[in-house]
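The listed protein sequences correspond, in order, to chains U and H.
Residues in the first sequence are numbered consecutively from 0, following numbering that gives the first Met the number 0.
Residues in the second sequence are numbered consecutively from 0, following numbering that gives the first Met the number 0.
Because identical chains share one entry, a pair is satisfied inside a single copy or across any pair of copies.
With a straight-line cut-off of 30 angstroms between C-alpha atoms, the simulated DSS-like cross-links for lysine-lysine are: (1) Lys-132 x Lys-102; (2) Lys-111 x Lys-132; (3) Lys-39 x Lys-111; (4) Lys-42 x Lys-80; (5) Lys-116 x Lys-39; (6) Lys-42 x Lys-102; (7) Lys-143 x Lys-80.
For the record, the hints were derived by calculation from the structure and aren't laboratory data.
Number of protein chains: 2
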Amino acid sequence: MKKLVEYIPLAFVFMFMACDNKAKTENAATAESDNMIFAKGEKITNDNFTGTAWLNSLVQADSINQNAVGSVTFEPGTRTKWHAHPAGQIILALDGVGYYQEKGSPKIIVKKGDVVKCPANIPHWHGASEDTKFVQIAITGREKGETAWLETVTDEEYHGKP
Amino acid sequence: MKKLVEYIPLAFVFMFMACDNKAKTENAATAESDNMIFAKGEKITNDNFTGTAWLNSLVQADSINQNAVGSVTFEPGTRTKWHAHPAGQIILALDGVGYYQEKGSPKIIVKKGDVVKCPANIPHWHGASEDTKFVQIAITGREKGETAWLETVTDEEYHGKP
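Excised from the complex, chain U in its bound form:
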């Protein structure tokens, strides 16, 4: 029995090593899940959104390229007003779960990896789902003018059946 007792300190050393590695790995995993590709940018302060959203303006439209590109982070429950883009828009869903709806069509659920092509001048809205944030890249052609902002998305519209 004495021989086995001699292993007790060694056993505790192994326990400590295992736990220590586990803690490091968990920290790395947490950092990874928080580590978005693009920073969430500045809080949007205009009244074109219901709720809290953040914009990181990645590319300004200019004479070199007529597209504006931005990363938008919608906190849960947050959505845009109804609006329309004179040259349309492409949405790339980077993270979370969101909604997208065109006037006259049911809202659709948009998840990480989904792509939406929104035609020119079609009123629509997008945003996060009730319980999960939504992160999107928006690619918006500015060659035909600025976004036309329309009415607020009502709670009834927002919570409508997908």
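Using the hints, position chain H against chain U.
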């Protein structure tokens, strides 16, 4: 001493639990790092690339939107030929470490979260660094025609000082 000996089986149970959790966490971390937002798509088989690259064509240019959007994954050492876009291109770096070079300028290092705006008709190339893959979203206007493919990027050009 007998009392301490009684803890030996318990110590081994804790060791096993700690190691088991560690293994699970490491697997999750590996899955997370492999879990790209967009699938890498199809292996590119044309001769416009040196090395191995993959294309996931997310958006085709059409009458609704004149931009094509694709996710390209370059394996380490892989690069495009020199080429030029009649309406320019926007590159969003999603993962890894890559290179971008315009004719007459030094190559630059492009990393996860970086954005490059490539002017119209400027010959350039892009690709992965020697040791690390590179994943990018390319936004390419098709309204002025297709990409003009030029000469191969030599090893000297590829390995040039950033």
